[in-house]
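K.L.:
Residue numbers (the numbering used here), protein chains in the order written: chain X, 737 to 852; chain Z, 43 to 156.
Quick caveat, the hints were computed from the structure, so don't treat them as lab data.
Every residue gets a Cβ at the ideal spot worked out from N, C-alpha and C, and that includes glycine.
There is no bait here: all hints are sound.
On the chain X side, residues computed to face chain Z include the following (Cβ under 7 Å):
(1) N768
(2) H779
(3) L780
(4) K785
(5) F826
(6) K830
(7) K839
(8) L840
(9) F842
(10) T844
(11) G845
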Amino acid sequence: AQSVSQHNHHVILSEAASLELGCNYSYGGTVNLFWYVQYPGQHLQLLLKYFSGDPLVKGIKGFEAEFIKSKFSFNLRKPSVQWSDTAEYFCAAKGVYGGATNKLIFGTGTLLAVQP
Amino acid sequence: DTEVTQTPKHLVMGMTNKKSLKCEQHMGHRAMYWYKQKAKKPPELMFVYSYEKLSINESVPSRFSPECPNSSLLNLHLHALQPEDSALYLCASSHPPGNTGELFFGEGSRLTVL
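One chain only, chain X, in its complex shape:
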């Protein structure tokens, strides 16, 4: 069955600390991978995406993620977090083939709290 798992449900960091959020997916085929972010009181928005090519992708606000095919992982990183990064982060995956019937699968989310 298709699934996305996020290992950390709640992460608390101090400003300037480095961040790494784990994401693993289970899917029998080629996938597109995403990190979405939901800031307090705001809509879900795309942080970054991986379709193909360079496995290290850069997104907005200094975030990056690395696709490691052998580990079925797509971990999110940021060298130095800010208080404004406090948000919920969702990893998501979607099979490349199958069109609209192939659904976007979300992980359970990681709530990041950055302390000033």
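Following the hints, put chain Z in place on chain X, whose structure we already have.
P.N.:
Frame of chain X; chain Z shown alone:
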């Protein structure tokens, strides 16, 4: 700001009421979605419309009735809801064909069922 507009932002309704949630996008997207999100949980897919036709219904109870009048609009008609249906209802849109999975979300309609 998001380019997917949802109204109303907040809705309180009784279990016998009939109400509707509305969603509009002008990005030329031809796939539109309804998701339900409970607090501290990921969004759960409810319905997908592709080219104005219902392509996915995730076994949603019939008290939720989606409608896609045209390529820019998506409605969710609500009738005889239960308190456990209280949640944030998210609309999203994307480009088909292929549908890469990159979705554009609205801010949501927060529904409370009394």
